[in-house]
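J.: Just need the whole structure built from these sequences, with the hints factored in.
Top line first, the protein sequences correspond to chains A and B. Residue 297 in our numbering sits at position 168 of the first sequence, with consecutive numbering throughout. Residue 102 in our numbering sits at position 41 of the second sequence, with consecutive numbering throughout.
Since the hints were derived computationally from the structure, they do not count as laboratory data. Quick caveat, the model's predicted, so the values are computed rather than measured. Just so it is clear, CB atoms sit at the ideal spot from N, CA and C, and this is done for glycine as well. Some clues are possibly wrong.
Claimed, not checked - Listed next, the in silico EDC-like pairs over lysine to aspartate or glutamate satisfying Cα-Cα at most 16 Å (straight line): (1) Lys329(A) x Glu123(B); (2) Lys188(A) x Glu125(B); (3) Lys188(A) x Glu123(B); (4) Lys154(B) x Glu347(A).
Claimed, not checked - Per the computed footprint, the stretches of chain A lying under chain B, defined by three or more beta-carbons under 8 Å from a beta-carbon of chain B, are: (5) 143-154; (6) 172-178; (7) 202-210; (8) 242-251; (9) 292-303.
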Amino acid sequence: MHIMEGFLPHPWWEIWFALSLPVVAYGIYKMNNVIKENRETLPLLAVAGAFIFVISSLKLPSVTGSCSHPTGTGIGAILFGPAITSVLSVVVLIYQAVFLAHGGITTLGANVFSMGIVGPVVGYLIYKSCAKYGMLFGAFLAGALSDWATYAVTSIQLALAYPAATGGVLASFKAFLAIFSVTQIPLAIVEGVVTALMFKYILQMRSDVLVRLNVLSERESLKLKEAWA
Amino acid sequence: MKIETITVAVIAAFIALFAYTSMTGEHEWGGADDQPEAVLQKMTNEGFEPWFHSIWTPPSAEIESLLFVLQAAIGSIIIGYFLGYYRAMAKMKSAAARMDEEGKSNA
Chain A
130 MHIMEGFLPH
140 PWWEIWFALS
150 LPVVAYGIYK
160 MNNVIKENRE
170 TLPLLAVAGA
180 FIFVISSLKL
190 PSVTGSCSHP
200 TGTGIGAILF
210 GPAITSVLSV
220 VVLIYQAVFL
230 AHGGITTLGA
240 NVFSMGIVGP
250 VVGYLIYKSC
260 AKYGMLFGAF
270 LAGALSDWAT
280 YAVTSIQLAL
290 AYPAATGGVL
300 ASFKAFLAIF
310 SVTQIPLAIV
320 EGVVTALMFK
330 YILQMRSDVL
340 VRLNVLSERE
350 SLKLKEAWA
Chain B
62 MKIETITVAV
72 IAAFIALFAY
82 TSMTGEHEWG
92 GADDQPEAVL
102 QKMTNEGFEP
112 WFHSIWTPPS
122 AEIESLLFVL
132 QAAIGSIIIG
142 YFLGYYRAMA
152 KMKSAAARMD
162 EEGKSNA
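T.: See the structure below:
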């Protein structure tokens, strides 16, 4: 999902910065509030960020004979929502742009938009609507679909900047999506499962903090405690 | 079924898929993130040139993998530290509660 340094021409790189900046700014504001209200959330915030660090560093081989990486934003999206997750992803994307020449500073806005905003928004909404069928199932879908959505957005971003001579944006979108879509399916499934596993451990150990973060209701938390007692 | 079992099964299937793909064809296993460049070159008849280049690029594949591993290691240590801390806390709490109860029943 990383659009490489210098790949997005004017005005596109500015547009994606303009769209991402307010979300990240709101995320920083919200993050400060959450920590101030409840110091107990700080370790979970660190874990959500660390999860993105680990998961997005893994370049995995896929069925298409190329390698790609998952994003790891599912946990952050479920626990803290998309805005705070966008801040976490900024940290990872800057690390990769500066030290690894993976992604870029000029394309940071676009990459934050796909990985830090749209992916987590999708994950958050999916979890909210599917958790009633099982929290871990919801976490699985949130992890898998936030991953896939991120790559779909990358394809849209490239297509908008480089419409094909014949067929325009749509033809170009298809060409870019072809790179990512199939490659990403097995990776998204693995990411979904690992996200669900991680979420299970957080549920088991800190359901009290999750209640305060409004991820769980008091009743759900008690039910979980009985089930795992 | 336990999520741990499912995770192991999915990862095993993933490895099997990799083995199968490797054996049934020649692949470069290059990064998908690098492939849009080829599409762009084709679209522009080899005329595509990024307008800005990375300020610093890892001087070798070894150094690049070092920095990727560092990223994973930093993340892993944070996750391991807090999950271990939470687990020990929960254990100590339940042990303290048990001792409390024993104290009451002895009194």
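J.: Are there hints from earlier that the structure breaks, and if so, what are their numbers?
T.: Violated: hints 1, 4, 5, 7 and 8.
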